[in-house]
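**Q** One letter stands for each residue in the lines below.
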Amino acid sequence: MGFDLPCGCHNATYKQDITIIRTRARLIWTLFGLLFFFSLPYFAPVVITQILENIWVTAIAVMGLYLLTGLAGQISLGQAGFMGIGAYTTAIFADYFGLSFLFCIPLSGLMAGTMGIIFGLSSFKIKGFYIAIATLASQIILTWLFAHLEITQGAWGYAVSYPTIFGHEIGRGWPIYTFCLVVLLIMTYFAKNIARTKTGRAFVAIRDNDLAAKVQGINIFVYKLIAFFLCSFFAGVAGSVFAYRLGMVTPEQFMLMQSVWFLGMLIVGGMHSLAGVYLGTAFIIIFERMIKIIGPTLQNILPSAMGGSYIAALSLIVFAAIIIIFLIYEPRGLAHRWETIKSIYRIRPFPY
Amino acid sequence: MTTNSILSLKNIRLQFGGIIALNDVSFSINEREIFAIIGPNGAGKTSILNCISGFYSPQKGQIIFKDDVISKLPPHKIAKKGIARTFQNIALYSGMSTVENLMAGRHAAMKQNFLTGGLFYGPGLNEEIKHRAVVEKIIDFLEITALRNKPVGTLPYGMRKRVDLGRALALDPKVLLLDEPMAGMNVEEKEDMARFIIDIYETLHIPIVIVEHDMGLVMDISDRVYVLEFGREIASGPPSEIVSNPQVIDAYLGREEANFATREKDER
Ligand SMILES: Nc1ncnc2c1ncn2[C@@H]1O[C@H](COP(=O)(O)OP(=O)(O)OP(=O)(O)O)[C@@H](O)[C@H]1O
Ligand SMILES: [Mg+2]
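Those protein sequences? They're chains H and V, same order as listed. Sequential numbering of the first sequence, starting at 674, is according to our numbering. Sequential numbering of the second sequence, starting at 3, is according to our numbering.
Be aware that one or more of the hints could be misleading.
As the list claims (entries may be wrong) - Each computed EDC-like pair below joins lysine to aspartate or glutamate, with the alpha-carbon atoms no more than 16 Å apart:
#1 V:Lys-79 - H:Asp-690
#2 V:Lys-132 - H:Asp-690
#3 V:Lys-152 - H:Asp-883
#4 V:Lys-68 - V:Glu-33
Hint data in this document are derived by calculation from the structure and do not stem from the laboratory.
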């Protein structure tokens, strides 16, 4: 949440005060950034665009966690499971029934969101740590269902073809890249506005002081359910786009470890801001990729007795180390670092 | 009871295991008064407020607000009826700024949901602007304009108490419960707070229930005083009667004054 305005900038009306892009410089930066990322596939190597596609999709799921964990203060270890629900919904409705993505994406979100409410109902009776365990259970149940239900086709899963618009395929390369980015931007718009209106404030109120929230007329149970719904809805949308992009849906894509990675991304980025979602997701995905690249080289250098298993575990070990380092040294995440750097420029030329 | 009573407690009894926190507490608050509850530490003052706002459910008795029995309602429903309160230990939303705290306080008055809010266009946007205007009025009223965008965690204690009061006002209260609003403040801050309380009462016409330890202040601003000891009423009436009530002097004022006298002697 930003507090200070750039020097020399004042708000004449409340409407101005609540707009996000307030200065011309900020507008120019935003447009420049959008232009850069939208045009990237035309000049960047395929590896880069693929990593970015992955970041765009993953950020949608992490954004859901931002609403639930960052704002409402409830931990979920089941985000990958709900993402799976979205992916399977899309697989089934797009391929089997041949429905458009315009229908499949919201439907995937709604399916996941509904399941989120069902699992979230447990928060009526339990709190805090125990909710985390309940979401863990939901993750395990969902993974099991994906692997064993008839409709999910077990380990084979589903093949999903690229989405189409007006008969044109949104295929490999820049089309699917743009597709992922546009969905991400729409979801960002929603998340940002939810966060700064009634619902988001109720979430933070519950997180910061649930007694006070109650005497302010906030129905804690209902708002926790809304938080679970939104979190899972975002996961479902992420799963849908994930399925379209990757072209296949199998159970092992949505396992517990993935949920833990999502939480890790949120922690590294910083729980309390949307910028943190982007930064954390990008950081972890790029980092994981680098380990994959460095890994084989390391394998050649290290004694063969330690071998491949060591490398396989490497990314997990380093991941754990990063999370711990962030929790200890920068619990407010990369976003806070980013804010600190920005504020130096913001009060220029009068840094008092 | 008088016809224009807005909130009344009838024979409230509250027990925690073997401890009787409140025993046969009855009183009734008029639409036009500042009603003070006093009593030594642990007398049960906060417990009374907790019963009214629905945190504790008394084993016996009824709480009536306007014409409804509210003693079985959950806290958020009681709040929506217009009973606002502040806390003895400040309970602000520490992650939000002053404005956001007050906007969060408007929750009960806001009608939009996460869909319209998420779109932030049309009704969702209009509601934000409309309630922001209300909040800004409260901010002006409490003279906290300079703190508007500060995270409340960084504010000094006295100011946090003031924001807490502002957040309670944001609920559009029909009655306001204040739990030791001046505790821990210096003289100047206390005077400011007293001024705001009287202003709220006189310009906004909101009846106020105040729990307070500072006797001088209580006697100055309240219309009626209710004295509690070990969860029981020992006296109630206008301040002038209370100060001369022998039981009260014995149980409470006397001790205070005795302390005060010895302290003065020590200083000399
Ligand atoms: N949740 C609870 N569980 C058990 N006992 C409680 C609880 N709340 C209050 N009590 C007991 O009820 C009695 C009254 O407490 P209360 O907090 O209402 O006193 P108070 O008059 O507000 O005191 P103070 O001036 O210190 O704020 C105390 O003996 C306290 O220990
Ligand atoms: Mg108390």
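**Q** State for each hint whether it applies.
**A** Here's how the hints hold up against the structure:
1. V:Lys-79 - H:Asp-690: With a Cα-Cα distance of about 32 Å, the restraint between V:Lys-79 and H:Asp-690 is violated, given a limit of 16 Å.
2. V:Lys-132 - H:Asp-690: 13 Å, holds
3. V:Lys-152 - H:Asp-883: 21 Å, violated
4. V:Lys-68 - V:Glu-33: With a Cα-Cα distance of about 10 Å, the restraint between V:Lys-68 and V:Glu-33 holds, given a limit of 16 Å.
Hint compliance for this structure: hints 1, 3 are broken, all remaining hints hold.
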